[in-house]
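K.L.:
Protein chains in written order, with the working numbering: chain A, 140 to 437; chain B, 32 to 204.
These are computed hints drawn from the structure, not numbers from a lab.
Mixed in with the good hints, there may be bad ones.
Unchecked claim - What follows is a list of derived Cβ distance ranges for each label pair:
#1 A:K141 x B:G62: 17 to 27 Å
#2 B:A109 x A:R290: 49 to 59 Å
#3 A:D408 x B:T64: 34 to 44 Å
#4 A:T205 x B:C70: 48 to 58 Å
#5 A:L302 x B:T64: 21 to 31 Å
#6 A:E158 x B:E48: 45 to 55 Å
#7 A:D146 x B:A42: 41 to 51 Å
#8 A:L302 x B:G62: 43 to 53 Å
#9 B:A42 x A:G326: 40 to 50 Å
#10 B:E48 x A:H223: 27 to 37 Å
#11 A:L302 x B:E48: 28 to 38 Å
#12 A:P287 x B:H130: 55 to 65 Å
#13 A:V295 x B:E131: 49 to 59 Å
#14 B:E131 x A:G303: 26 to 36 Å
As the list claims (entries may be wrong) - For the chain B half of the interface with chain A, some residues (derived, Cβ under 10 Å), not all of them:
#15 A111
#16 R153
#17 H170
#18 C174
Said to hold, decoys possible - A few chain A residues that don't get close to chain B, going by computed Cβ distances all over 10 Å:
#19 D146
#20 D192
#21 T205
#22 R280
#23 A370
#24 E393
#25 T437
By construction, the Cβ of each residue, glycine as well, lies at the ideal position given by its N, Cα and C atoms.
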Amino acid sequence: MKPPPFDYVAAATVDEALEALADTSVETRPLAGGQSLVPMLNFRLAVPERLVDLNGIDELSRIEETEDGGLRLGAMVRHRQLEHDPFIARRMPLLSEATPFIAHPQIRSRGTVGGSVAHADPAAELPAVLLTLGARVRIARRSLGGEPGSRVERTVGLGEFFLGPFFSALEPDELLTAIEMPPSAPGEGTAFDEVARRRGDYALAGVAARVRLNSGGVCDEAAISLVNGGATPCLMREAARTLVGQEPTPEVIEATAAACAATSEPAADMHASEAYRRHLIQVLTRRVVSRAADRVLT
Amino acid sequence: MRIAARVNGLAWSGEVEPRLLLSDFLRSEVGLTGTHVGCEHGVCGACTVQLDGEPVRACLMFAVQVDGREVTTVEGLAEAQPGEAITVEDLHPVQRALHEAHGLQCGFCTPGILMTAEAFLRDNPTPSREEIREAVSGHLCRCTGYHNIVEGVARAAELLAADGPAAHDDDDR
Ligand SMILES: Cc1cc2nc3c(=O)[nH]c(=O)nc-3n(C[C@H](O)[C@H](O)[C@H](O)COP(=O)(O)OP(=O)(O)OC[C@H]3O[C@@H](n4cnc5c(N)ncnc54)[C@H](O)[C@@H]3O)c2cc1C
Ligand code: FES
Ligand code: FES
């Protein structure tokens, strides 16, 4: 139960972190909140040769507005910040609603948005929530052969980012620098809920929903995503389509919930069977979609 | 690596190996064994300490990461006179309340719960029972059945209120 030896680099800037990651002859991992990585080190499930600590990089902790009026969360924004920031509560209430479901307060003091996304855990709340909000991931690396400090940056839609359980589009020399979300449109409502065996445990299943209703009360756009509903955090496109063009009546919502459960691919494990998870997905979808619609109307 | 940190208000500096967990650093390098180690993967809460006043898991941080920062452990709560043994009167109100409410039996989980509760009551001096349950949900206790821990934290809120807001902000957080 002790971590293996590693070299430690405390980066003060993004460029310093990229510089360390660029040297791929040494297996290097970024250390964000450490709330997933350090347990893996303690169990020796991960044995990196070097850690680059991102905790001293101030520029990664910013919460700011993007050019298009959306929101940019620096990779090192902590869960605790999301939970308590009044600006977030006003602009992206889904984030404030879902964050308290992540682990315990002591873990949320350290855990980060970037770490949660980079870790690509299908059981994590933030990836599902961010998918529903149409988020994209900003990624940087040092340009090969370029001047020290020159960067190559790319942006990946979150829908293309998750490739498998704990497996993402990030390359070993890349750093996730920020998560960006488009502005929320008028007429939008969001909601999140989950079922866990004990408070703070990973959810058996969870559902995030966003709906946009026009002035006639008809749904113009819908997004639904699942926590622990498949091998990766995933958008349930087919289920969301059953809402579009409809008024969110109880019958319509029931059909959406049924479609969501039917098209989900939850795994069975010692905590819950596949059938039970599907049942939870149906109940939770019904609940969050009606709640999201109610929030537009009230 | 060389680090310089403050632990319970006292300066500590010296060499540590990067892989040294904060929990092991406190116990074996600083000699403060009040911080307990249960699961070493963030689940049980026994190792909870405060980093610049905020509760964190000491088993999920490295000692090198507290360079330049302030760590508070359970030993930092009571205020004994220098050179004198701690008496019940010296206990921090949160400690006194847990003691009075029988909020501990073997005491293994207690240091972590105290560090969480002290920070929690600073943020929320008049919590509901439900908020207290949420606040201590990140701590496993194999003895008490939790009920008296919740009562103890509620009692601590009363004691702190009776002491007045200024009585326990001695370390200027
Ligand atoms: C007891 C316990 C319960 C938990 N329960 C939950 C829960 O219910 N729901 C939940 O979602 N999470 C839970 N977590 C995990 C927690 O939310 C973590 O904080 C999160 O998964 C990872 O974030 P981190 O900042 O701690 O990342 P780290 O642990 O520091 O890193 C995780 C991985 O991502 C990589 N990484 C981190 N940042 C970057 C970056 N900027 N660029 C590239 N790679 C990066 C690291 O190299 C590592 O491989 C729990 C953790 C514990 C200990
Ligand atoms: S020892 Fe740190 S949480 Fe259990
Ligand atoms: S008092 Fe024994 S574990 Fe809590």
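K.L.:
Against each hint, give a clear statement of whether it holds in the structure.
P.N.:
Hint-by-hint comparison with the structure:
1. A:K141 x B:G62: 17 to 27 Å: For B:G62 against A:K141, whose Cβ atoms are near 19 Å apart, the range 17 to 27 Å holds.
2. B:A109 x A:R290: 49 to 59 Å: This hint holds: roughly 51 Å between Cβ atoms.
3. A:D408 x B:T64: 34 to 44 Å: Holds, at about 37 Å.
4. A:T205 x B:C70: 48 to 58 Å: Violated - the Cβ-Cβ distance for A:T205 and B:C70, about 40 Å, lies outside 48 to 58 Å.
5. A:L302 x B:T64: 21 to 31 Å: 45 Å, violated
6. A:E158 x B:E48: 45 to 55 Å: Distance hint for A:E158, B:E48 is violated at roughly 24 Å.
7. A:D146 x B:A42: 41 to 51 Å: 27 Å, violated
8. A:L302 x B:G62: 43 to 53 Å: With Cβ atoms ~47 Å apart, the hint holds.
9. B:A42 x A:G326: 40 to 50 Å: 57 Å, violated
10. B:E48 x A:H223: 27 to 37 Å: The hinted range 27 to 37 Å holds for B:E48 and A:H223, with Cβ atoms some 35 Å apart.
11. A:L302 x B:E48: 28 to 38 Å: This hint holds: roughly 35 Å between Cβ atoms.
12. A:P287 x B:H130: 55 to 65 Å: 58 Å, holds
13. A:V295 x B:E131: 49 to 59 Å: 56 Å, holds
14. B:E131 x A:G303: 26 to 36 Å: 53 Å, violated
15. A111: Violated, because the Cβ-Cβ distance from B:A111 to chain A comes to roughly 27 Å (cut-off 10 Å).
16. R153: Nearest chain A Cβ about 13 Å off; hint violated.
17. H170: 8 Å, holds
18. C174: 18 Å, violated
19. D146: Violated, because the least Cβ-Cβ distance between A:D146 and chain B comes to about 7 Å, which does not exceed 10 Å.
20. D192: 7 Å, violated
21. T205: Label holds. Min Cβ-Cβ 29 Å, cutoff 10 Å.
22. R280: 24 Å, holds
23. A370: Answer for A:A370: holds, closest chain B Cβ roughly 23 Å.
24. E393: 31 Å, holds
25. T437: 24 Å, holds
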